[in-house]
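K.L.:
Given next are the chains, with one letter for each unit.
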Amino acid sequence: MLEITCPYCGKRAQKEFTYAGDAGAERPNLETGTNQDWFEFVYLRDNPRGLHDELWHHSAGCRRLIKVRRDVVTHEIIDTGAPSDSLSTGAS
Amino acid sequence: MSHQPFRNPTGGNIDRSQPLTFTFDGKVYQGYSGDTLASALMANGVKLLARSFKYHRPRGLSGYGVEESNVLVQLRTGARSEPNIPATRVELYEGLVAESQNRWPSLHFDIGAVNSKLSGLFPSGFYYKTFMWPAKFWPFYEHAIRHIAGMGKSPTLEDPDSYTHNYRHCDVLIAGGGPAGLMAALSAGQSGARVILCDENADFGGMLRGRRDTIRGKSGPEWVADTVAQLAAMENVRLLRRTTAAGYYDHNLIVLDERVADHKATPENHEPRHRIWHVRAKEVVLATGSIERPLVFADNDRPGVMLTSAAQAYANAHGALAGRRAVIFTNNASAYAAAADLKAAGIEVQAIVDLRDSLETPELEIAANANIGVLNRHVVVAAHGAKSVHSVTVMPVDSNTTPVGEAQEILCDVVCLSGGWTPSVHLFSQSRGKLCYDETLSAFVPDKSFQRERSAGACQGAFQLDACLHEGAKAGAQAAVAAGFATTAADVPRCSADAVVKPRLLWAIPTPDHLHGGKQFVDLQNDVTAADVGLAYQEGYRSVEHLKRYTTLGMGTDQGRTSNVNGLAIMAGHRAEAITAVGTTTFRQPFTPIPMGAVAGLNAHDHVAPVRTTPLHHWHESMGSPFAPTGQWLRPQGYPKDGETLEQAAMREAKHVREKVGIVDVSTLGKIDVQGPDAIEFLNRVYINSFSNLAVGKCRYGVMLREDGLVDDDGVVTRLAENRYMITTTTTHASAVMNRLEYLLDVDWPSLNVHLLSVTDDWSGIAIAGPHSRTVLTKLTAADLSNSAVPFMGYAEIDVDGVPVRLFRISFSGELAYEINMAPNATRTVWDALLKAGANQEIIPYGLEAMNVLRIEKGHVVGGELNGRTTADGLGFGKMISTKKAFVGKVPARRAGLTRDDIHQLVGLVPTDEKTRIPRGAQLIADPKATKPVAMQGEVTSQCMSPNLGHPIALALLNGGRARHGETLKAHSPITGQTVTVTVTNPIFIDPQGERLRG
Ligand SMILES: [Zn+2]
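Residue numbers (this note's numbering), protein chains in the order written: chain A, 101 to 192; chain B, 54 to 1052.
Because the hints were derived from the structure by calculation, they are not lab data.
Here the structure is a predicted model, which means the values were calculated and not measured.
Treat the hints with care, since some could be wrong.
[What the hints assert, rightly or not] Capping the alpha-carbon separation at 27 Å, the derived lysine-lysine pairs in DSSO-like fashion look like this:
id : chain 1 : residue 1 : chain 2 : residue 2
1  : A       : 115       : B       : 335
2  : B       : 1023      : A       : 111
3  : B       : 968       : B       : 932
4  : B       : 832       : B       : 708
5  : B       : 708       : B       : 501
[To be verified] Just a sample of chain B residues kept apart from chain A, beta carbon distances all over 10 Å, derived:
id : residue
6  : 267
7  : 443
8  : 458
Ideal Cβ placement from N, Cα and C applies to all residues, glycine included.
Chain A on its own, in the form it takes in the complex:
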């Protein structure tokens, strides 16, 4: 059970959140996105070992979507922020 820091609410238990997908997947532009762009966005995901940017919905809290940089091997959460934020790499 993770502990996730919502940038709006603070540290909260994982059970307040719902996983909302890969934060690295880029939505094609509605006007200009091609069929191939959409195909990749809808169906293709990387499954990297190590650091991963994820979206979580604070569904039982402020209901904002947040970005979480998590090591999927250790479950360490390096940084969190708004979806458009660039997060710390954790290398200090």
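The hints should help you fit chain B with the ligand onto chain A, whose structure is shown.
P.N.:
What follows is chain B with the ligand alone, placed relative to chain A:
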């Protein structure tokens, strides 16, 4: 008072002024307050307490605490009955009732014991090998196996007790309240940190409870009492007794299981039986102690054979004697003090049989002072006796630890084993810490931490009391400092010295030929022998995880606490490799079993999920309406009268609505308030149709696609004001649609200035439908409801019977209809007013079932059609799709596979005989007699008997269906076996031109 023949008149931590009566296997005994069921049975001289799992061998107590492998009992009776409880974990209370398990008809005469005679037939893997084929008989085999190899019985009555969960944050959590844990709590407590100290037993003290140490000039238990009093006086320290740290999870979440009322006959004053604590700790100190290991030799499972530390604890803490004459069999020095304790308690110690070559001075002194003979370089090769041990055979060993030379038999009724100590690294390992193997201790100990924890004392291999006290004090201080507090280690008291544990290893004592046939048990609970481990090796199950599953080693409720290391070592011997090469199995949560009720907590019965009811729920109930669960909602299905079935009522109601007028509760529809200057842009991006020209005060039907181009949901968009809209969703999709819209705004289009708010619960809804609906409504309002004032798809804010409402001229039924939204607490007023005002028009309430009939007749789609596999065009929304703007799903919806002419399209079906009901879920095929596989052309999604048409109808999704109206097909249900001949029709059965709803 009944005689307790194996109880000393004085001594121990029991209250002899408080006798307690209890029943075991129907026989009444007495014990004392402070006893466990195990210690009380021992004091009464009851030695045969269980039958083993597979061979039904007679068994007695093997341990003192959580490590007990043999004596699992069925505790309590009736609804509170619980199976598989170790007797060592049961605190005695007045009137306790326990029964032995896995025997029939009785412990002393157990028919299953024939398994023991046939044991050659039950090698490891026996069940897998024998019951593999044919697979269809497996349910029968399983039943039979469960009966033979069964443990206790689950209660069949509902649990009358309650369970609860508690959530806490703390700075330092200390798991285990022995000497190390207590010192850690003192150190951390004095820093001001918020400390939780938990211990699984009724009292703190850990190993001090069962030994005769001195600390600061006092006895162990006295020092413990002083220390606990000191801790209790600290406001920042929380002491949890009877509380097991059961699971260590990510981000330092530790789950504790507090047995609040297990030590009572029934919980008192509404207290829960268990309380589960979810503790998020900044830092953790693990002080979970260690468990003694047995030694493996022939028939080492006889009643009376037990761990040395167990016999010692029963004697010291309860004045209970394991027997009259003991033989101690050890491979290390820790057994000597225990032997002296047993002797002091009045047990004649016949000999200490010590595997080691040469002994050190301290233990020799202990033996000499207690006048106990020592046989060093000797082993016990076999125990003798059936329902109780009566002697052992002892032999010398040579330098290769092979038994050689003359065997001697020693009479005894207790055999105490000490094969070294296994640190309890379960929590450490659950936290994903890495173990290493300590050759000196012959034990796995914590190596690298993974989370914010540290181990102290015996659980990391520091077995001496002095080391435990020091390590605990240091660990507590370190944890507090790491949590941000300034402190130093608490003062460590002086204590008595104890032995250094350096076992000499011989993992399974070879049985000399003349004693062949004895079983050398490694895992008592699962009846796994050294020979079984050898067989697993021979058959190729050599990895530790295979060994476990093939032999069931370590798979019992005791999780192999006493058997794992011995089993691994024996396997390592076969593999001729080091134990580290074999490794350990994964330690999993929980440390000890947690009842299912405690896991569920308050999430039982109606509390598993919230139940949402509409403001009119009680009215529906009073009218006798059954309810259909829809997501979390309960929706009224209809109002049967005069002995009608629900379906008859639905038919009557649906017919009545088309002919006259009815009202229905539509409060459950999802409603989202959309506000902001970019609201129109937002709506244009999420719906397939355009809202740019939607005027204030108008409604428009809208359809949303998913990112993959398939239909997600439908609903009505109403423009309430310049930059304010309300959209509705289907009841079941409401929360998913809200989640998705929030995602789009937050993640993909953060530049849009739009705010969303779910207002489902803020506005209740009543729909009034039927040709007389305007007439009825007009009676309750001064507002102009004419077609010019409120046309079809119009919107108005008016008063109904004095209640301000939102009025939407929309229709799900296809009739002239309005939907009224109002404050929930005004709903009943409006509902009653409508029923009263409509009396002359014969107004009726109608339910979900009639609503469903009306919408099928009208060809409106719901869940069965919005099934995540249909396209907008396939459902008949093709003309709505805007070509002028971009929207979610537009590009993927144009993929070739979704735009072919032969994909699923919505059609109507009518049985050609106009009588036979069309089974829901039926497949549409051309010819059921064709060679299989028969091509499936479509499926029936909704069906009903249409009261307005007088025959059954259905909606279906049919390949290229729109061009096939008039065709005849077969609707075949593989579930009911029915085949109905149907004609394909337009899905809109009633008023296809929509004249009625514009009326
Ligand atoms: Zn939040």
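K.L.:
Would you mind marking each hint as holding or not holding in the structure?
P.N.:
Evaluation of the provided hints:
A C-alpha spacing of about 19 Å is found between residue 115 of chain A and residue 335 of chain B, which places the hinted pair at or below 27 Å, so the restraint holds. Between residue 1023 of chain B and residue 111 of chain A, the direct Cα distance comes to roughly 59 Å. Violation of the 27 Å bound is thereby established for this hinted pair. Distance restraint check for residue 968 of chain B and residue 932 of chain B: the Cα-Cα separation of roughly 34 Å exceeds the 27 Å cut-off, and the hinted pair is therefore not satisfied. Restraint check for residue 832 of chain B and residue 708 of chain B: the C-alpha separation of about 24 Å stays at or below 27 Å, so the hint holds.
For the suggested pair residue 708 of chain B and residue 501 of chain B, the alpha carbons sit about 75 Å apart, so the restraint of at most 27 Å is broken. Remark: the non-interface label on residue 267 of chain B is consistent with the geometry, its nearest Cβ contact in chain A lying 43 Å away (cut-off 10 Å). With a minimum CB-CB distance of about 53 Å to chain A, residue 443 of chain B clears the 10 Å threshold, and the non-interface call stands. Annotated as non-interface, residue 458 of chain B keeps its C-beta farther than 10 Å from every C-beta of chain A; the closest such distance is 56 Å.
Checked against the numbered hints above, the structure breaks hints 2, 3, 5 and satisfies the rest.
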